[in-house]
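Each protein sequence line maps, in turn, to chains A and B. As numbered in our numbering, residues 1 to 111 make up the first sequence, in order. As numbered in our numbering, residues 1 to 114 make up the second sequence, in order.
Heads up, a few of these hints could be off.
Simulated pairs of lysine-lysine, DSS-like, Cα-Cα distance not exceeding 25 Å [as the list claims (entries may be wrong)]:
hint, chain 1, residue 1, chain 2, residue 2
1, B, Lys78, A, Lys42
2, A, Lys1, A, Lys68
3, B, Lys15, B, Lys71
4, B, Lys15, A, Lys1
5, B, Lys62, B, Lys78
6, B, Lys62, A, Lys1
7, A, Lys1, B, Lys11
8, B, Lys78, B, Lys11
What the hints contain is simulated information worked out from the structure, not anything from laboratory work.
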Amino acid sequence: KQEVTQIPAALSVPEGENLVLNCSFTDSAIYNLQWFRQDPGKGLTSLLLIQSSQREQTSGRLNASLDKSSGRSTLYIAASQPGDSATYLCASSGSARQLTFGSGTQLTVLP
Amino acid sequence: EAEVAQSPRYKITEKSQAVAFWCDPISGHATLYWYRQILGQGPELLVQFQDESVVDDSQLPKDRFSAERLKGVDSTLKIQPAELGDSAMYLCASSPVGGSYEQYFGPGTRLTVT
C-alpha cells in the first residue's frame, strides 16, 4: 500500500525567501504526482502535475521535481509572498488513478 | 473555466440523522471520486466511479455510507445514520479518461455532526 509523507508538517518563513517542500512515497510505481494548495476550509487547487516519465514541471514561481527511483518529490517556491500562505499537499496516483495524499505542509509567509 | 460543483457547502446535523451530499463533475469527465478529509490530515478515497459503475468502494463504510451516480453524470453520497466521527470535509473530484488523468476538486462540503 502506497504511503506518502510530507516534511515538514509546518513551516514559517519571512517574505521573499525561497523555500522547498518535501514529499516522499514508498511505492515508485506511480502514474503521476500532483501538488495541491488548500486554503483553510476550502477545497484543493491543483498546482502542478508531473507524469511518471517527467522529471519536473514549472508554473510561475513554482517548480516541482520528481525522482521516482528515490521515491521523492519537491516543490520549490521562489520569492515567497504572504499570499502563498496555505497548506500544500502532494499526492501520488497509481495504476487505478486514485490519489494517495500526504498530510500536508502548512506554510506561513510572514510579511 | 469549468469547475466541479458541490452542495451544500456546510452541513450541521445531529448524530443518528441522515445526510446527503451532491457533486456535479466537470462536463465530459467520466471518472468521479469522493474523498473524506479529517482536519489536519490529507484526503482519503471513499469511492471511485467510472461513468455509472463503481470502480473501488473498498474504503467506504458500507454499513452507513452509500454512493450513487445513476446516469453517469452527477453523484450523491449519503450517510445514514451519521456519527460524531463522520465530522470532516467531503471532497468530490473528477478526471477525464486518458491523458494525464489530472484530478480537479470541488470546494467540498464541511460536515459537522453534533
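Quick rundown of the hints versus the structure:
The hinted pair formed by Lys78/B and Lys42/A meets the criterion: a straight-line CA distance of about 21 Å does not exceed 25 Å. For the hint pairing Lys1/A with Lys68/A, the CA-to-CA distance comes to about 16 Å; that is within 25 Å, so the pair holds. Among the hinted pairs, Lys15/B with Lys71/B is inconsistent with the structure: their alpha-carbon atoms are about 31 Å apart, more than 25 Å. Proximity of Lys15/B to Lys1/A is assessed by CA-CA distance (about 32 Å); at most 25 Å being required, the pair is judged violated.
At roughly 10 Å between alpha-carbon atoms, Lys62/B and Lys78/B fall within 25 Å of each other, so this suggested pair holds. A C-alpha spacing of about 21 Å is found between Lys62/B and Lys1/A, which places the hinted pair at or below 25 Å, so the restraint holds. With a CA separation close to 33 Å, the supplied pair Lys1/A and Lys11/B exceeds the 25 Å bound. For the given pair, Lys78/B sits about 13 Å from Lys11/B by alpha-carbon distance, which is consistent with the 25 Å threshold.
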